[in-house]
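Novice: Sequence:
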Amino acid sequence: MTVARQSNLERRRARDECREKLSQHIYHKLGIDVCPSDVRLNPKRKDPYSWRVLCGKEDFFSQIFSKNLSEHSIGTYRLLIDEVGKTFEAVNTDTINHLSSFSQLSTPKASFTTLIDHLKLNNENLSIQIHQVTAELDMESKRRQIVEEDNQQLKDHQRWLEEQLQESKNLVEHFQGIVSSLFAVADKALPALEEIRQRAGVTQ
Numbered sequence: 022m023t024v025a026r027q028s029n030l031e032r033r034r035a036r037d038e039c040r041e042k043l044s045q046h047i048y049h050k051l052g053i054d055v056c057p058s059d060v061r062l063n064p065k066r067k068d069p070y071s072w073r074v075l076c077g078k079e080d081f082f083s084q085i086f087s088k089n090l091s092e093h094s095i096g097t098y099r100l101l102i103d104e105v106g107k108t109f110e111a112v113n114t115d116t117i118n119h120l121s122s123f124s125q126l127s128t129p130k131a132s133f134t135t136l137i138d139h140l141k142l143n144n145e146n147l148s149i150q151i152h153q154v155t156a157e158l159d160m161e162s163k164r165r166q167i168v169e170e171d172n173q174q175l176k177d178h179q180r181w182l183e184e185q186l187q188e189s190k191n192l193v194e195h196f197q198g199i200v201s202s203l204f205a206v207a208d209k210a211l212p213a214l215e216e217i218r219q220r221a222g223v224t225q
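Per this note's numbering: the sequence shown = residues 22 to 225.
You may find that some hints are simply not true.
Stated by the list, open to error - No farther apart than 25 Å at their CA atoms in a straight line, the calculated lysine-lysine pairs in the BS3-like style are these:
no. : residue 1 : residue 2
1   : Lys163    : Lys78
2   : Lys141    : Lys163
3   : Lys141    : Lys88
4   : Lys88     : Lys78
I should point out that these hints are in silico values taken from the structure, not numbers from a laboratory.
Construct the entire structure; sequences and hints are all you get.
Specialist: This is the structure in structure tokens:
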């Protein structure tokens, strides 16, 4: 099996695994049964689900979700498998449509309970920030891994082309050797034939 064919098989397996993972997430999160082959990164309006990305990750994931699932590399499939439910999740389409209608609660009067709630909120915000920083570091690591895997795929393809070129060179050299051998035989045969012709002329 050639390197290119092996790479295609591995990419197909990773894509199918990613589709299965996203399909399971949609079912467990929303109770919506979507066939793995029908899962989309950029759902249509008629689809009952959409994707919501963690705040601060929109720019990175926008490049991924703007393409079809079948257009990505093995590294991206692994990233989606690892990050679904963590840095992005499935949401009901109705939820996305009504997010803008949510209003903030009015600020209550200062009290001991309010102060405690405020401190709790600050702690939660700090926890979220720590989680975001950790996620960003993890995302950067995965981004580098994707680049390295893409580079490896290019190297594998280049190696395959070099192998094909070497096979072609070997074939040309083989035929050149055959032609050279034929010329060598002809060079030896011609004097003998000339001598036979001359003897035949003398005899006559």
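Novice: If a hint holds in the structure, say so; if it doesn't, say that too.
Specialist: Right, here's what the structure says about each hint:
no.: 1; hint: Lys163 - Lys78; in the structure: holds, 13 Å
no.: 2; hint: Lys141 - Lys163; in the structure: violated, 32 Å
no.: 3; hint: Lys141 - Lys88; in the structure: violated, 40 Å
no.: 4; hint: Lys88 - Lys78; in the structure: holds, 16 Å
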